Structures are given as C-alpha cells and as structure tokens.
Amino acid sequence: MKAACGNCGTEHVLKDAEIAEHQKVQFHCSKCGRPTIVEIPVKHQETMVISPLPSFARANSSSANLNLLKERDDGLKLPATKNAVLTIISGPSKGAVHYLKNARVILGREDAEIALKDQEISRHHCLIEVRESYANLKDLESTNGTFFEEERVRAAMLNDGAEFRIGNSLIRFTLIPK
2 MKAACGNCGT EHVLKDAEIA EHQKVQFHCS KCGRPTIVEI PVKHQETMVI
52 SPLPSFARAN SSSANLNLLK ERDDGLKLPA TKNAVLTIIS GPSKGAVHYL
102 KNARVILGRE DAEIALKDQE ISRHHCLIEV RESYANLKDL ESTNGTFFEE
152 ERVRAAMLND GAEFRIGNSL IRFTLIPK
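Residues in the sequence shown are numbered from 2 upward in steps of one, following my numbering.
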C-alpha cells in the first residue's frame with residue numbers, strides 16, 4: 002500500500018503483511034521524520050464502523066447487550082394507530098408473522114422473545130427498537146452477523162417496508178394500520 006506523508010507529501014510503501022490486521026497505522030517519514038497516521042480501507046465483507054455511532058448502536062460488551070432490555074428509554078413506544086409487524090419472508094420460519102407487543106424485542110433462537118427456527122442465527126442475535134414511525138435494528142454481536150441492504154451492519158434504521166437478514170432468514174419490518 003502506498004501512503005504519503007501528511008506533512009511533506011513524500012510517498013512511502015507500507016508492507017501489506019505488516020498492516021493487514023490494523024485499521025490505522027502510524028509511520029515516521031524518512032524525509033522529514035514527522036509521524037503520519039494512515040487509515041486502512043475496510044474490506045467489503047467486514048462491518049463498517051460509522052463514527053460517532055448513534056446511541057442505539059453503542060455497547061461495551063456482549064453482556065451489555067442483554068441489559069438493553071432493562072434500560073429505560075422514553076422515546077421507545079409502539080405507534081398508537083399502527084401495528085409494528087415482523088414478517089419472515091424466507092428461511093426456515095418462512096411465512097411467520099410477529100405482531101410486536103413491546104417496543105423493544107430480541108430476535109434469536111430458543112429463549113429469545115421472537116424465536117426463529119434458524120440454526121444460522123445466534124441465541125440472542127439482534128434487537129429491534131420501535132419508535133413512532135421507524136425501528137432501530139442492532140446486532141447483538143452475533144456470530145454470523147446482521148445484514149441490511151446486502152451489507153453486514155452493527156446497526157441500521159428500518160423504515161416501513163425495510164428488509165434485513167439474519168442467518169438464512171429474510172425479515173420485513175412493516176407498520177400497518179390497526
């Protein structure tokens with residue numbers, strides 16, 4: 002990878018083997034001796050981190066993810082005139098329709114609030130937080146990831162009709178009149 006000194010512009014060649022596992026690399030210019038920090042481009046198959054992360058995408062550890070259900074958030078509420086619905090479009094639970102009874106729910110296998118029969122998803126895979134006219138989707142550090150618009154994401158905002166994938170299951174979020 003080629004990188005230019007941020008001070009004098011001298012080009013340097015950084016060895017791919019030495020920078021492969023890093024998101025940022027600092028080097029000292031051979032001409033002026035000053036340090037330069039280079040951000041390494043993210044590969045398309047990796048999760049892209051947006052900075053600063055929106056509040057619904059922040060967590061310190063996987064144990065913090067399960068505490069999300071205990072946090073109080075006055076902005077979370079199911080719409081008064083609409084039902085928030087998750088429909089399984091494809092996958093082992095294809096055709097299942099889940100009317101959300103709570104503004105915050107965990108999707109996963111077995112003991113999750115919405116349990117799907119998909120062996121490719123984690124026990125607690127992702128979190129949906131419904132707001133008045135949209136929902137926040139947050140991956141709970143799942144093994145196989147959460148995908149929105151064909152890309153692996155840590156978090157996404159779902160508008161009415163948006164689809165996301167976990168494991169082999171494609172799921173649509175909709176708001177329908179009561």
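To be clear, the hints were calculated from the coordinates, so they are not data collected in a lab. Quantities reported herein were computed from a predicted structural model and do not represent experimental measurements. Do not rely on the hints blindly, as some may be mistaken.
[Claimed, not checked] Okay, derived cross-link-like pairs now, DSS-like style, lysine-lysine, Cα gap no bigger than 30 Å in a straight line:
1. Lys179 x Lys83
2. Lys102 x Lys78
3. Lys3 x Lys16
4. Lys25 x Lys3
5. Lys83 x Lys95
6. Lys102 x Lys118
7. Lys3 x Lys32
8. Lys102 x Lys179
key: Numbered hints the structure breaks, given as an ascending list   = none
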